Amino acid sequence: MAEIDPTAVAHEVDERSTAEPEGGRNVGQALLRKEDARLVTGQTRWTDNIQLPGMLHFAVLRAPMAHARITNVDVAPALEQPGVLAAFSGADLAGEYSSLPCAWPVTEDMVQPDHHPLATDKVRYAGDGVAVVVARDRYQAADALEHIVVDYDPLPAVVDMEQALRDEVLVHDDAGTNRCFEFDMPCGDIDQALSDADVVVKRRFIQQRLIPTAIEPRAVVCEPIAAAGEYTVYSATQIPHILRLMLALGTQTDESKLRVVAPDVGGGFGSKLNVYAEEALAVVLARRLGRPVKWTETRSEGYQATIHGRDQIQDITIGARSDGTLTGLNVELKANMGAYLQLVTPGVPVLGAFMFNAIYKMDAYRFNCTGVFTTKTPTDAYRGAGRPEATYAIERIMDELAAELDMDPLELRRKNWIAHEEFPYDTVSGLTYDSGNYEAATDKALALFGYDDLRAEQAERRERGDRVQLGIGISTYTEMCGLAPSRVLGTLSYGAGGWEAASIRVLPTGKVEVVTGTAPHGQGHVTSWSQIAADALGVDYDDVMVLHSDTRVAPKGMDTYGSRSLVVGGIAVHKTAEKVIEKAKPFAAHLLEASVDDIDFTDGAFQVRGSPEARKTLQEVALAVFAAHDYPEGLEPDLAAETTFDPENFSFPHGTHLCATEVDTETGRVSIRSYVAVDDVGKVVNPQIVDGQVHGGLAQGIAQALYEEAIYDADGNLTTGTLVDYYVPGAPDLPAYVTDRTETPATTNPLGVKGVGEAGTIASTPAVINAVLDALRHLGVDDMPLPASPQNVWKAIQAAQGGSAR
Amino acid sequence: MPTVRVTINRTVYEDEVEPRLLFVHYLRDRLGLTGTNVGCDTSNCGACTVLLDGQSVKSCTLLAVQADGCEVTTIEGLASNGEWHPLQTAFHTEHGLQCGYCTPGMIMASVSLLAENPDPSEDEVRMGLEGNLCRCTGYHNIVKAVRKAASEL
Numbered sequence: 001m002a003e004i005d006p007t008a009v010a011h012e013v014d015e016r017s018t019a020e021p022e023g024g025r026n027v028g029q030a031l032l033r034k035e036d037a038r039l040v041t042g043q044t045r046w047t048d049n050i051q052l053p054g055m056l057h058f059a060v061l062r063a064p065m066a067h068a069r070i071t072n073v074d075v076a077p078a079l080e081q082p083g084v085l086a087a088f089s090g091a092d093l094a095g096e097y098s099s100l101p102c103a104w105p106v107t108e109d110m111v112q113p114d115h116h117p118l119a120t121d122k123v124r125y126a127g128d129g130v131a132v133v134v135a136r137d138r139y140q141a142a143d144a145l146e147h148i149v150v151d152y153d154p155l156p157a158v159v160d161m162e163q164a165l166r167d168e169v170l171v172h173d174d175a176g177t178n179r180c181f182e183f184d185m186p187c188g189d190i191d192q193a194l195s196d197a198d199v200v201v202k203r204r205f206i207q208q209r210l211i212p213t214a215i216e217p218r219a220v221v222c223e224p225i226a227a228a229g230e231y232t233v234y235s236a237t238q239i240p241h242i243l244r245l246m247l248a249l250g251t252q253t254d255e256s257k258l259r260v261v262a263p264d265v266g267g268g269f270g271s272k273l274n275v276y277a278e279e280a281l282a283v284v285l286a287r288r289l290g291r292p293v294k295w296t297e298t299r300s301e302g303y304q305a306t307i308h309g310r311d312q313i314q315d316i317t318i319g320a321r322s323d324g325t326l327t328g329l330n331v332e333l334k335a336n337m338g339a340y341l342q343l344v345t346p347g348v349p350v351l352g353a354f355m356f357n358a359i360y361k362m363d364a365y366r367f368n369c370t371g372v373f374t375t376k377t378p379t380d381a382y383r384g385a386g387r388p389e390a391t392y393a394i395e396r397i398m399d400e401l402a403a404e405l406d407m408d409p410l411e412l413r414r415k416n417w418i419a420h421e422e423f424p425y426d427t428v429s430g431l432t433y434d435s436g437n438y439e440a441a442t443d444k445a446l447a448l449f450g451y452d453d454l455r456a457e458q459a460e461r462r463e464r465g466d467r468v469q470l471g472i473g474i475s476t477y478t479e480m481c482g483l484a485p486s487r488v489l490g491t492l493s494y495g496a497g498g499w500e501a502a503s504i505r506v507l508p509t510g511k512v513e514v515v516t517g518t519a520p521h522g523q524g525h526v527t528s529w530s531q532i533a534a535d536a537l538g539v540d541y542d543d544v545m546v547l548h549s550d551t552r553v554a555p556k557g558m559d560t561y562g563s564r565s566l567v568v569g570g571i572a573v574h575k576t577a578e579k580v581i582e583k584a585k586p587f588a589a590h591l592l593e594a595s596v597d598d599i600d601f602t603d604g605a606f607q608v609r610g611s612p613e614a615r616k617t618l619q620e621v622a623l624a625v626f627a628a629h630d631y632p633e634g635l636e637p638d639l640a641a642e643t644t645f646d647p648e649n650f651s652f653p654h655g656t657h658l659c660a661t662e663v664d665t666e667t668g669r670v671s672i673r674s675y676v677a678v679d680d681v682g683k684v685v686n687p688q689i690v691d692g693q694v695h696g697g698l699a700q701g702i703a704q705a706l707y708e709e710a711i712y713d714a715d716g717n718l719t720t721g722t723l724v725d726y727y728v729p730g731a732p733d734l735p736a737y738v739t740d741r742t743e744t745p746a747t748t749n750p751l752g753v754k755g756v757g758e759a760g761t762i763a764s765t766p767a768v769i770n771a772v773l774d775a776l777r778h779l780g781v782d783d784m785p786l787p788a789s790p791q792n793v794w795k796a797i798q799a800a801q802g803g804s805a806r
Numbered sequence: 001m002p003t004v005r006v007t008i009n010r011t012v013y014e015d016e017v018e019p020r021l022l023f024v025h026y027l028r029d030r031l032g033l034t035g036t037n038v039g040c041d042t043s044n045c046g047a048c049t050v051l052l053d054g055q056s057v058k059s060c061t062l063l064a065v066q067a068d069g070c071e072v073t074t075i076e077g078l079a080s081n082g083e084w085h086p087l088q089t090a091f092h093t094e095h096g097l098q099c100g101y102c103t104p105g106m107i108m109a110s111v112s113l114l115a116e117n118p119d120p121s122e123d124e125v126r127m128g129l130e131g132n133l134c135r136c137t138g139y140h141n142i143v144k145a146v147r148k149a150a151s152e153l
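Order-wise, the sequence lines are chains A and B. Note that this note's numbering has the first sequence beginning at 1, numbered continuously upward. Note that this note's numbering has the second sequence beginning at 1, numbered continuously upward.
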């Protein structure tokens with residue numbers, strides 16, 4: 001058998017320090033994170049840490065049932081409770097905010113229902129906010145909620161999408177339908193392509209509902225200066241800039257008087273990429289009461305009131321010739337919106353529309369998606385957002401097609417993928433992949449995995465009828481990230497652009513301040529942006545400070561999601577640094593008494609061409625510019641620069657993931673024996689941070705494959721409503737990962753970098769499930785519900801063997 | 001209201017508290033020791049882990065009054081004389097944290113784990129940290145960090 005050392009990370013750099021690496025180059029080095037000192041010592045500023053003079057706490061009364069008409073709300077008894085300053089029903093506050101925003105109307109006729117921070121007429125999911133209490137502390141606020149009296153007229157729940165599409169129970173009565181939108185994207189003649197096929201395989205895959213579960217619960221604080229109409233909102237958000245704009249519009253607050261700060265933010269994964277009811281309530285309550293207010297969700301409250309992810313039904317049809325050449329792919333999708341549209345709810349499946357065809361060539365493709373309202377918590381972006389679903393479907397059905405054709409699944413992929421010499425490549429769904437090398441990544445993964453040895457062991461175990469069967473799963477994925485070219489977003493009806501901003505100033509002491517519009521919450525931007533700026537400016541890594549996530553400090557930005565920060569925001573930093581150098585050149589020439597045309601910026605300093613001994617560093621130039629006693633006529637004494645970078649294309653990381661699972665055929669228990677991920681994310685700024693992003697992504701993708709599922713009962717109650725019931729995997733549930741890389745530089749940005757934040761999640765779910773099925777296929781198992789829990793695996797085996805368990 | 005007297009990070013505190021006050025809220029809201037975090041309400045995530053008389057406990061599952069007479073160490077008290085504890089250093093050098101929200105609890109649980117088992121195998125580290133959830137790292141580098149710290153303690 002193959003000997004895999006699961007702790008081996010092939011490219012690991014053991015000697016790391018913050019000292020300047022060899023050659024003065026920072027990009028590409030595994031420099032230790034600047035962020036960590038605060039985080040490992042507890043000197044953090046999470047939103048819930050914030051205590052302000054006079055601060056009050058609010059709590060939200062939530063619907064105890066999925067669907068009901070509100071006939072009466074009486075908050076008066078709550079006002080009698082100790083410490084309570086105010087209590088409001090939805091009707092009391094109705095005029096003070098507008099509907100919570102959905103920024104992605106994917107079709108012109110999309111149904112976009114009102115979504116007020118507190119319900120007034122009906123509650124539409126268990127957890128929908130009904131009333132709010134403001135009290136002196138969080139205990140008193142929670143106590144007082146129990147004294148609010150709400151009369152409900154219960155209505156039937158509708159939790160199943162196909163049932164909802166029958167429109168017998170309407171989530172939004174005015175709409176007259178539960179159909180939110182239908183998005184159709186035909187690419188070529190799909191009917192012809194499928195009729196040209198010798199083999200057609202159809203499958204239905206169910207993407208279970210997932211709960212993102214950032215470990216920091218959501219929290220918001222609003223500090224008013226009510227007399228001046230000024231507000232500071234502190235929120236555990238990924239999107240301080242978008243939130244500022246949306247809250248200004250939604251609460252009729254002057255945008256220039258609204259400051260949003262995302263202090264330390266403890267993970268997001270899409271769950272904090274939103275504009276939430278409680279954020280609007282915080283502004284409205286702070287305005288009403290003239291005092292700072294705070295709200296922090298409890299975990300079980302968040303499980304109802306913070307967005308969920310996935311929840312799609314995928315009907316997939318793929319056609320191929322008998323030699324395995326793909327002809328066409330048809331995708332019929334139903335996407336569960338939940339009860340309302342949050343910020344990008346309908347856009348999530350549409351982001352997947354371009355990714356079902358993945359790395360494969362085919363004649364025709366069609367994507368058709370229906371968005372459906374149900375009486376469940378709204379869905380929205382969860383790590384990968386549309387692309388994990390697409391990748392799962394194609395990588396799963398490629399294995400089913402291989403089985404049908406009796407081909408090796410890897411051979412089938414090789415036969416159909418875009419060869420590296422074909423890049424740039426225009427895909428059937430209309431994207432242009434700039435670069436990639438699927439052959440190189442696959443070869444590297446196979447070598448690390450010991451593919452042939454594992455296949456031999458698998459055959460041996462099958463032969464002897466071992467109770468524990470071995471399976472090998474493949475996922476050769478790509479994805480589109482780095483959101484995004486603004487014009488493309490415009491054609492997709494997204495409500496904003498996809499640019500990112502940066503500015504740089506050099507202080508008189510030589511320290512450099514880099515201001516970024518990205519909003520990191522674990523990704524290490526402070527470290528990586530320092531590396532980029534230090535190299536481009538010729539200054540020490542430790543001399544760079546990165547400022548972010550406060551709209552007064554970093555007034556312009558589009559924030560962090562969609563693996564966009566490096567490929568858009570990091571490039572903005574790089575381009576800004578180049579502007580600073582260009583701006584400094586005439587000052588350097590003046591100091592060196594040379595013509596500006598003779599000045600080069602080489603090895604981190606300005607030099608006179610031909611006489612390298614005459615040098616000035618940027619920091620020396622900056623001090624002279626600050627003093628401004630002697631500088632060229634006609635120039636302003638200033639080196640600051642700023643950039644708004646709008647990318648020309650998406651970013652297309654790719655890779656090959658291989659998973660070996662052991663499946664106990666008597667108990668249904670699956671354990672991952674080895675997992676190899678070879679990712680191509682282009683040039684790497686900080687390999688340690690990139691590895692970390694991949695590890696975390698893998699964990700969430702494996703969690704979808706094996707552990708997690710948000711379950712509702714027929715009445716619309718979330719039965720997995722706490723961390724006791726919703727199984728987030730712990731350390732014993734996950735393997736050590738073998739990660740490695742190939743480096744095919746992106747051709748669409750000057751650093752050659754690609755996004756990495758979501759890649760691991762996108763790739764891993766199908767790798768694991770393909771491995772589980774590969775272990776069981778000889779027993780007649782060809783389908784596996786997500787997650788592949790012991791119960792689901794056991795049932796699948798029993799059903800395949802003629803048992804009655806299914 | 002009952003009075004509690006508790007030594008936290010070598011400082012003695014004496015306060016009147018509501019009997020129902022959770023110890024983690026006493027730390028965070030009364031004393032301003034906000035290094036200890038709350039991540040759930042069911043004692044699953046371990047973000048609130050502190051040492052109580054040397055044992056790791058989840059401070060969201062402890063009433064402040066139950067800590068009366070006890071000696072407590074939180075993340076703020078782990079370094080001594082300005083020197084980080086080897087676990088703090090190892091989490092940093094091995095990139096055992098990303099957002100950092102689970103980190104104080106994860107480090108305190110690891111202190112307790114290494115006190116019980118100074119040289120744990122990879123599996124023993126994973127089992128020993130079963131009660132602490134991390135959503136960012138996939139645990140890979142946390143396990144490496146704990147084993148590295150073990151080799152240096």
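Don't read these hints as lab results, they were simulated from the structure. Being a predicted model, the structure only gives us computed values, none of them experimental. Some clues are possibly wrong.
Partial pick of chain A residues on the chain B-facing surface, computed with a CB cut under 10 Å [unchecked claim]:
hint : residue
1    : Ile215
2    : Glu301
3    : Leu405
Where a beta carbon is used, it is the ideal one built from N, C-alpha and C, also for glycine.
To see whether the hints hold, each was checked on the structure:
1. Ile215: holds, 5 Å
2. Glu301: At 8 Å from the nearest chain B Cβ, Glu301 (chain A) passes the 10 Å test, so the hint holds.
3. Leu405: Cβ of Leu405 (chain A) sits 35 Å from chain B, so the hint is violated.
When held up to the earlier numbered hints, the structure conflicts with hint 3 and nothing else.
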